Amino acid sequence: MRSIWAVATNTLKQAVRMKIAVVFIILLIVLLPAMGVSMTGDGTLKGRLQTFVSYGFSLTSFLLSLLTIVVSVYSLTSDIQQKQIYTVLTKPIRRFQLLLGKLLGIILLDVALLVLFSAVIYAIIIYTPKFYKASQAERAQLDNEFFTARAGLIPPEVDVKQEADDTYNKLEETGQLPPDVTDNKISRENYKKNLEQSIKLGKRAVAVGHELVWEFHNVKPLDPNQSFFIRFKYDVSVNPPNLQVFSNWFAGDDRQLKYGAKVQTPIYSFERKDLIRTFHEIEVPADCVAEDGYLAVGFFNALLNNTVVIFPPEDGLEVLYKADTFTANFIRAVFLILFRLIFLACLGILASTFLSFPVAVLFCLTIFFTGIISGFCLESFDYLSKNLSSIYSYTVRPIVQLLPQFDKFSPTKFLVPARLLSWSLLAKVAFSLICIKAVLLWLVALLIFSYKEIAKVIV
Amino acid sequence: MEYAIETFSLTKIFSDWWGRDRVYAVDDLNLQIRYNEVFGLLGPNGSGKTTTLKMLLGLLYPTKGKTLCLGGDVANPKISARIGFMPEESYLYRYLNARETLDFYGRLFGLPSKLRKMRIEALLDMVGLKAVANRPIGTFSKGMARRIALAQALINDPDLLMLDEPTTGLDPIGTRQIKDLILHLAKRGKTVLLCSHLLADVEDVCDRIAILYGGKIQSEGKVKELLQQTNKKQIITDYISDTALDKIKQIVRDEQADCVITSPMDKLETFFIRTVTTAQQLSSPTSGAISTTKIGHFLAPQAHPENILDELVSTSVSPEVPSKPPTTKQVIPAETPEPKPDEQLLSKLTEQAGPPESKPVVGTKPVEPQVSRKEDVKKSILDSLTGHSSTQKAGGEQTDKPQAGDSGNA
Ligand SMILES: Nc1ncnc2c1ncn2[C@@H]1O[C@H](COP(=O)(O)OP(=O)(O)OP(=O)(O)O)[C@@H](O)[C@H]1O
Ligand SMILES: [Mg+2]
Chain A
-2 MRSIWAVATN TLKQAVRMKI AVVFIILLIV LLPAMGVSMT GDGTLKGRLQ
48 TFVSYGFSLT SFLLSLLTIV VSVYSLTSDI QQKQIYTVLT KPIRRFQLLL
98 GKLLGIILLD VALLVLFSAV IYAIIIYTPK FYKASQAERA QLDNEFFTAR
148 AGLIPPEVDV KQEADDTYNK LEETGQLPPD VTDNKISREN YKKNLEQSIK
198 LGKRAVAVGH ELVWEFHNVK PLDPNQSFFI RFKYDVSVNP PNLQVFSNWF
248 AGDDRQLKYG AKVQTPIYSF ERKDLIRTFH EIEVPADCVA EDGYLAVGFF
298 NALLNNTVVI FPPEDGLEVL YKADTFTANF IRAVFLILFR LIFLACLGIL
348 ASTFLSFPVA VLFCLTIFFT GIISGFCLES FDYLSKNLSS IYSYTVRPIV
398 QLLPQFDKFS PTKFLVPARL LSWSLLAKVA FSLICIKAVL LWLVALLIFS
448 YKEIAKVIV
Chain B
9 MEYAIETFSL TKIFSDWWGR DRVYAVDDLN LQIRYNEVFG LLGPNGSGKT
59 TTLKMLLGLL YPTKGKTLCL GGDVANPKIS ARIGFMPEES YLYRYLNARE
109 TLDFYGRLFG LPSKLRKMRI EALLDMVGLK AVANRPIGTF SKGMARRIAL
159 AQALINDPDL LMLDEPTTGL DPIGTRQIKD LILHLAKRGK TVLLCSHLLA
209 DVEDVCDRIA ILYGGKIQSE GKVKELLQQT NKKQIITDYI SDTALDKIKQ
259 IVRDEQADCV ITSPMDKLET FFIRTVTTAQ QLSSPTSGAI STTKIGHFLA
309 PQAHPENILD ELVSTSVSPE VPSKPPTTKQ VIPAETPEPK PDEQLLSKLT
359 EQAGPPESKP VVGTKPVEPQ VSRKEDVKKS ILDSLTGHSS TQKAGGEQTD
409 KPQAGDSGNA
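Protein chains in written order, with my numbering: chain A, -2 to 456; chain B, 9 to 418.
Calculated from the structure, these hints are not laboratory results. Computed from a prediction, not measured in an experiment: that's the story for all the values here. Be careful, since some hints might not be right.
Sample of chain B residues at the chain A side, in silico, Cβ under 8 Å [stated by the list, open to error]: (1) Y32; (2) Y69; (3) P70; (4) L191.
With a cut-off of at most 20 Å between alpha-carbon atoms, the simulated EDC-like pairs for lysine to aspartate or glutamate come out as follows [as the list claims (entries may be wrong)]: (5) A/K16 with B/D24; (6) A/K453 with B/E108; (7) B/K74 with B/D35.
From the three backbone atoms N, C-alpha and C, an ideal C-beta is built for every residue, glycine too.
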């Protein structure tokens, strides 16, 4: 343990004294406040802060990622190249201890820098509103939509497979299947899929004079005295006059009505007129959520309208509520970066067990950038493997799956729209990125390094 | 457990990436180095000395055969904790300063911080770099870095010391010091493996040597047996008159033998050391290494070195100090024929530098604590140097001189 610590502090000293870290530190210390002042976003206070968080976090995490790659690769490759490792490994230290010490040193460096920079970003975010004049409404908006951590609930996708099957069977029995299907021009499978689609769409469509109710469970607002938000977007079958839809919304525990008991929690209703195809939010007092976290949200397509209203899948309707404080969310977002850096440190150490400095850096950068666009990579590989043999999908696909998904869990994705980054999600990311991917890298590195002939010169 | 180092038909073949171009760096090498032996591995450039060492230390894996160090595998921390290694070049961290470097290596051995600090100071003192201990190693000259590499190898007070060309880049005093150190360590029962092609160095200190060529042992044996010319004799005298010389010549001629008479030359080494110590005494400024002939006190030969180490670490030193001289007095006449009063003084002084309780002892001597102690040390260095070279060489030169005389004769 003592020797691991010795190596770790030595690695830290190396990074500090060789001034590898200094460049990054200066860059960030200069850039961050400059960005805080110069970025205006859409002109509102909220827009300004959102832009700053977005760029500040991206820049910090990007530069620290580069730093981690360079330091972790340099630390081991320079030891091997300049042969200090001869004097180190001949001391009573096991090889895994040496690698562990290096990793520990790099993580310590990362933690120190991350704490420093996130503190700077945090301070700028907190103090910016105090320096700018803004209307009361703007400040309220800031509090509700930025300085918060809102959990979003999407109505669960209904499984309509059974329903589609039933419909299909009924059509078949009554001989009402369209001729294209009976002639085998369209395969039965495809027809069933189409049926499913249209049933699903039907569940999100509301005809004039009709009502649609969504039920949510597990709604846990941080403070019942505050509000939650119903965020929605309309699609229509026919464009209404002025592109506006009249509606009645209500929110509350509708079970109370059904059983005829006395109303215990309030039920709120709203009469509205909204533009189609843009997002709107209805602020609702949170005390209407039932004790057990139940909440029903209803939409009534007013008789004044002339069109069917459709809520698009995925983001058509969402209930947002304040689930945690901004600070807690911020801290978790910083952890997200730390996990990323730990992964990269393991990657750098792995690469330097068998590659020379420039090649190892290149290797790590490649992985890093594919990680940044992992969504795209995964999709394109999925698309490819659909058309290729199963051998392909059993060999390349798992490897592609092992790529880190930095874009999917980017901290700005949570902080900019003030979305809750829950501990459980954080734990999930930690598990997949560190417990599985980083540990895997680590084991491979250990395997290579344990059997490596240290003094063997590779020209 | 008879041997400190043992190799069994050790072979190392280097091949390129394609498996071609095979180099037999070490070829079927069987080395057996006993405990408490100073073994010299000689050979021209590229004969496989370094490769052998690397295999012994587990930095390279043998193509065939195997090695044992201290009866075990060097990968075992218990074994490697007892080994000191000085590579052929000083591979050190350039951004650490001298003290931090030694501290780092000390911590790799898991030495407790008190012991570590003491040893670091003693070693810095010994290699003469105390004054520059806070400068980064990257700014050191080659020889200065070499001295740190040596100190690094000694920080764990190793039982087995492997030195790969320890004297390259060192000035003659450093060289002399390393040789003295090796002798001291041997006296304390340590084993030393020395790789070098500086024959004079090897000759002075090694008990046994092996000469490698092409990765194979060409010749192996005790230095004395290999080098002694039994059919020649040398007589060294103090100044005697010409008539006495003539008589001697006559006697030799009567024996039907040839005889050459010259005044022995001072070794250049002795001359150099004398010059530098004089300059040091005049305290000419230097930003380099201060030459000393000190041996780190924990490495110096003592009656019970292990106990002394413990004593030094324990805080209650003052009652122990007076009891030490008797033990050393008992041993020195028995083991080493030449008395070394200066060294006793020296080691005592360095010991006292550590704990603050040592003042009462200083009080018994006419030596003043801080400032004048340095001068005193230097004086004793000079004494020991001059005393050293005269007393020790008396033994060494008997085997040394005949060759010089003979080559002049031939
Ligand atoms: N990593 C390596 N790859 C290929 N060949 C090597 C390697 N290391 C050493 N050799 C070869 O092995 C032989 C022995 O080298 P080694 O370094 O052991 O010599 P040495 O006796 O220490 O020489 P010197 O006195 O110059 O230090 C040389 O021919 C050298 O070219
Ligand atoms: Mg060599």
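Right, here's what the structure says about each hint:
1. Interface restraint check: B/Y32 against chain A, minimum CB-CB distance 16 Å, threshold 8 Å, status violated.
2. With a cut of 8 Å, the hint placing B/Y69 at the interface with chain A holds, because the nearest CB-to-CB distance is about 5 Å.
3. For B/P70, the shortest C-beta to C-beta distance to chain A is roughly 10 Å, which exceeds 8 Å, and the interface hint is violated.
4. The criterion of a C-beta within 8 Å of any C-beta in chain A is not met by B/L191, whose closest approach is roughly 24 Å, and the hint is violated.
5. For the suggested pair A/K16 and B/D24, the alpha carbons sit about 37 Å apart, so the restraint of at most 20 Å is broken.
6. At roughly 28 Å between alpha-carbon atoms, A/K453 and B/E108 are farther apart than 20 Å, so this suggested pair is violated.
7. For the suggested pair B/K74 and B/D35, the alpha carbons sit about 12 Å apart, so the restraint of at most 20 Å is met.
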